[in-house]
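Q: This is what each chain is made of:
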Amino acid sequence: MSIFSDSNRRTFLGQGLTGLGTIALSRMLGAELGVSAGSVISPKVKRVIFLSMAGGPSHLETFDFKPKLRELHGKPMPESFTKGQQLAQLQGKKLNCFGAQHDFSRHGQCGMEISNIFPNIAKHADEIALVRSMHTKQINHDPAHTFMNTGSIIPGRASMGSWVLYGLGSESQSLPGFVVLTSVGGGQAQPISSRQWSSGFLPGHLQGVEFQSAGDPVHYVRNPGGVTTEAQKQLIATVNRLNSLSAARTSDAEIATRIEQYELAFRMQSSVPELMGYEGETKQTFDLYGCTPGDGSFASNCLLARRLAERGVRFIQVYHRGWDHHGGVKNGTATTAKLVDQGTSALLTDLKQRGMLDDTLVVWGGEFGRTPMAQGDGRDHHIKAFSIFLAGGGIKGGTVHGETDELGYGIAKDPVSVHDLHATLLHLLGLDHQRLTYRAQGLDQKLTGVEPAAVIKQILA
Amino acid sequence: MFRHGVIGFLFAFPVYADPEIRYGRDIRPILSDKCFFCHGPDAKTREEDLRLDIREEAIASKAFIPGNPEKSRLIKLINATDEDDIMPPPSSHKVLTSKEKQLLADWIKAGAVYEPHWAYSVPKREAGRDIDSIVARDLTSRQLTFSPTADAVTLLRRLHFDVTGLPPSPAQVAAFQTAYASDPRAAVVRVVDELLSSPHYGERMAIGWLDAVRYADTAGYHGDNDRSASPYRDYVIDAFNADKPFDQFTIEQLAGDLLPNATLEQQVAASYNRLNQISKEGGIQDAEYLAKYQAERVRTTASAWLGSTLACAECHDHKFDPFTAKDFYSFAAYFSDILEKGAWTGDGSYQEDTAKWTARGVVFAEFGPILSVPTPSQKAALVSLEQKIAALRQELQALPKPEQQALTAWVSEQKALMASTESFDAALLDETSAEAATIDVPGLTDASAGPVQSGTHARLQESAGLVQHIATLKKPYVVQAGEECFLWVHLDPAKPTSAVMLQVNVDGKWSHRAYWGEAVIPYGKGEAATAYHRAGDLPAAGQWVRLTVPIAAIGLAPGAKVGQIACTQFGGKVHWDNVGFVTRDPARRLAHLSPEAVAALKAATPDGEKLALVYRESTPAYQKIKSELQVREKERENLLKTAPSVLATISATPREVRLLNRGDWQDKSGPLVAPAPPAFLSKPTPPGEQPAPRGTRLDLAKWMVDAENPLTARVFVNRLWARLFGVGLSKDLGDFGLQGEYPSHPELLDWLAIEFREKGWSVKHLMRTILLSRTYQQSSTPTAALAEADPQNRWLARQSQIRLPAELIRDNALAVSGLLHPEIGGPSVKPYQPAKYYRHLNFPPREYQPDSGASLYRRGLYTHWQRTFLHPMLKAFDAPSREECTAERSASNTPLQALNLLNDPTFTEAARVMAARLLSDEKGETDLAQRAWVLCLSRQPTDEELRILTQFHQEEMKRFTASPADAQTLLTVGAMPAPKEMPAIPLAAATSLCRALLNLHEAITRY
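Respectively, the protein sequence lines represent chains V and W.
Per our numbering, the first sequence starts with residue 37, numbered consecutively.
Per our numbering, the second sequence starts with residue 2, numbered consecutively.
No wet-lab data here; the hints were simulated from the structure.
Being a predicted model, the structure only gives us computed values, none of them experimental.
Take these hints with a grain of salt, some might be off.
To be verified - Short derived list, chain W residues pointing at chain V, Cβ under 7 Å:
hint	residue
1	P783
2	P835
3	K837
4	T869
5	D879
6	S891
7	A899
8	T909
9	L971
10	E1003
11	A1004
Ideal Cβ positions, reconstructed from N, Cα and C, are used throughout, including at glycine.
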């Protein structure tokens, strides 16, 4: 029944808790390679940390300054921009221009213009590639996230983390290869579905595993009360010995994998608490991130992301749910920015000082942007243009790619689709988005879908 | 390594039983995968005006010359070396293997014969064949034979898991073994028939169907709010149990509401149409979401019944199959009559005024029209309530008119009251109060149980220490100058109390208290004098006494708004009744009169009739009946509100459906389409004949189950086969199109499809036929050679080894432990779930409240199905979120599964209850490991297995003896308490033993 049953069909009798080879380990952790993913591109990075700014950060208050919009503040939005366009909550309402609520300054050698609400991120201007010309297809949170994560608006497709794991496998021998972390604060916390890290049609072991900051970090990672680590080990040893006998009796090839999974589960039971215990981190590090470890903040999750990256986790997605500023965009963006600015910056600094920024890709961005038109003193959802940035291996720092029009409504130059972003991400990992395919529902499915997608060459080093 | 193995065995087992080249099996998959994208049905992406999917056109375009591969362009181009010439082009990333090239050449040499796609031609079968003869012929041609029949225990377990999903009990195993020894065939027939008539059969069958029709308990999108649907799930279970013919089953789900005199059951079935994901996310647009819903209905319906990927045709003609974009939207148009909104936010609108539906009694809720489906017990309660209500109304009618004398006396009494300025007791806590307060602790006593001061009930409060009840007033009582508080208490002389206290809450603060007796109640002690005012000694016991305290004494200022009152005592037994304020407020004095009565009394010219009426309404006899009537009416309303319901499918004015260019809902330029089945699967209207009226969902359903429909029966039997053999005869359960797999046994698939249809679409007949076949009953243990050559068991030379689906893994643990509560149907239940799992849900935020009692131990299929956050256990074992049709679950094998079986309290609790069950047997500790093994796995353990398990058990005994606290802790897992009389250490050790068993691969696998 296993999709990879072919490669699993080998006789394997568990040899107790130490009898495992690395190959088997990496496979169960998600290392089956995408079959047609012959890697012809030389990889620039080994892993991805995707900082998902859920809710839709306003590009106009963060990375895309529009003086003209300020000039027209309070005046009607020229109809040439908005006629016949889809809006979310502003549909059918009177549309007025709403100028940037924060000032911007130029930073770095490159002179990148970044909002003053990001004093820390701004220090990395020369390391990041800013894309001001992202666009998407879905104007409401739920489907827009689904599109950003899976490349499709139809639920049930595989998320990018699962695709990456499918293509490259995991390097960790005691943690899942795709981990999701979440935090909230600073704005309306839009719900997110576990669909966002689903493996969809890809095999189940490639799904993202969410690590919780409250309660057990991974579901059922803790022994039942009254069961010591040693007792659990004995139990697993017993189960595996009995399973081995069963494998001999039934020739059920699946049992070999089952034995491996129990050993891995046992290792996870100690590696997860070790990971979440922030052991070995110095006060300096905590100060850098500005967090109390395990406080559930975005900063603490950034630190955790670094720890996961160190331990070989392939794809780490860090959600912050707090960018949905329909009202009070001025204070709202300032508050949310304060919650993510230092953590993001610390992550970049920390990766760099550990030599890990060279083989890690960091992506920062939301599921869409926000309207140049006012919604009271806030902004509505906007899919025609938004900004994201990338940093790390293979990225040409200090680059600004793409431009929006003078009001920040549409794209004036070099549009970048979500599929282009996916293609670029895969490219940096050494995967060709055209070749990383999986047969499901009669199609060779791809993360980048059926429409043409292109790697954003201009931001590559 | 593996590949060499295959080649090695190829000599022993030919890959195909039939060595001739067959277009459908050998050639079309190559052309479809490698060529049709540019040379296939979609005109928009067609290159060079060449299509290879139609023989005549391919020959006309000189793609090949039948019989002459050397001169055929196709052969030249696939063998070209120049990058510009070679087909398929490098940019397509498609490559032909040398074997495929050879096949194409051989096929052209043999005449390039096409054949219609196997799944699109009507099934046919040879007379006199059956499952075993078809499989046997195929096996013979591969020089193989059937494996021996599975041993009796394995076979019995297989039948149980496949038919009811529950394991056999040790007694059932023993009985079967005895019967099997004397007459195997008869024993199997009997058990198959028993299992097929078990009510649990429907539960087992429902799982796969519920996946296909995306049944869930929540809305799906965004806030993923709850919306009831369980009656639909129960319909499915009942339908399988009753062996409802599959054609009828199909018709009822797609169009039950359109059947003449549709029954409640048929209307519930039709809620299939509204199981789709829906949204009430702020800011969404009605039209966009209507487009999403219609597209999803096409995807799910086409996938669930037709095994077709019609989804591809939403934006363009299908690349591989003959479905056009027009087919997609024509199919969608069948569903456009469903009364619904796109945006359930207040921004959405129905396609027509709903007044006519409300007038017909249709209830509208958060997500539109609903259909209430009371459970049998609720139904009985409703009938009895309605009878009571009717009777009470009758009684009111029948009350005699008042006598003139009494009326006159009453009128003057009321007028005197109106004129009075005397103070009086305004009750706040009593049945006689016009503004009933709600009390935090339920429980009142009536006159039969003890003294009552006023009305029909009093409250008995008894405790060794501090005890109280708090009443929350419906609306705040505004204190006026000069008032007093009063209360009635009745102290029990046999059980004296030390103190009684009245506490008054103003603006959410408790700082006004008076007490009688000793200063033993801690509330307010040490605070301001008015927060702890001693009003006097305790009154005499054994009688009702009215206590009063002036408002000033407890610091209540005029105008203070009293929200709550608490009645507190320290020790003893006290009856409390009738608490309130002594007031002169004229409005409150007349609070017992209705506004009509006040008006009638105040009228300048008195209306005798009216006065007689209001007087009658004020009489105690009338009031008593009236208040009972109100209680019953409220009960009825609550019952209806809490009864399970489904979202109703109501056929309203069809909306216009357009072909949406590239699926863009904003593009209104496409033509309007009418409901129609996919053109290539339907008969055109003969020329000259009247065009049929607008097609309905009923027409669609009838077309699906028409004898000419080549897909529906095949798709269903193939899925059933996949469930019983691990893999379908065509392995892509969701794609019978050209990209799907040519069946391993096309003849068998057709035989089954025809058998199904001809035997009245009976699913039970189909099940019985398969279960009684030799093919099914084979051993699932492969020989080494067979395991290498046919690892997926496509040749059917054995049975398959199948991991149980998520629900059954749970059911099995509950069943072997004896915890399972086998009730069938009803609202979904909430077993244990990790805390905070729903923290990403919002609008509103949610905290999961697990159920208590028997609901914690229901079968897995009844688990609350939260689409965006499916229960972690179900999710870990590959149950789908059911956002869309799922034709096939994957069967992963992950560390999360191990963690689940090891540490989920459900399994730990089951192990402990199983252990207690074994220990409470008269055998006690004797043969414990062996008995546990048999209970869990039905078979006897081998010596080696028994030795390993026993050793572990002994180690655990030692461990728990050394640390008895661990034993105690382990026994507290789960809501079901451990038997107190059972010594903790042996029970904990036996629990460990059972945990090991429940974690075995064999315990979660059907062999």
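Q: Are the hints correct? Go through all of them and say.
A: Outcome of the hint check:
Proximity of P783 of chain W to chain V holds as hinted, the smallest CB-CB distance being about 5 Å (cut-off 7 Å). Interface restraint check for P835 of chain W: the shortest CB-CB distance to chain V comes to about 5 Å, inside 7 Å, so the restraint holds. Hint status for K837 of chain W relative to chain V: holds, with the closest Cβ pair at about 5 Å, below 7 Å. Look at T869 of chain W: its Cβ gets to within about 3 Å of chain V, closer than 7 Å, so that hint holds up.
Given hint, D879 of chain W at the interface with chain V, holds; its Cβ is 5 Å from that chain's nearest Cβ, closer than 7 Å. Evaluation of the S891 of chain W hint against chain V yields a held restraint, the C-beta minimum of about 5 Å falling below 7 Å. Interface restraint check for A899 of chain W: the shortest CB-CB distance to chain V comes to about 4 Å, inside 7 Å, so the restraint holds. For T909 of chain W, the interface hint holds, since its Cβ comes within 7 Å of a Cβ in chain V; the closest pair sits about 4 Å apart.
At its closest, the beta carbon of L971 of chain W sits 3 Å from a beta carbon of chain V; the interface hint therefore holds under the 7 Å criterion. A hinted interface residue such as E1003 of chain W counts as satisfied when its beta carbon comes closer than 7 Å to some beta carbon of chain V; here the least separation is about 5 Å, so the hint holds. A least Cβ separation of about 10 Å between A1004 of chain W and chain V goes past the 7 Å threshold, and the interface hint is therefore violated.
Of the numbered hints stated above, the single one contradicted by the structure is hint 11.
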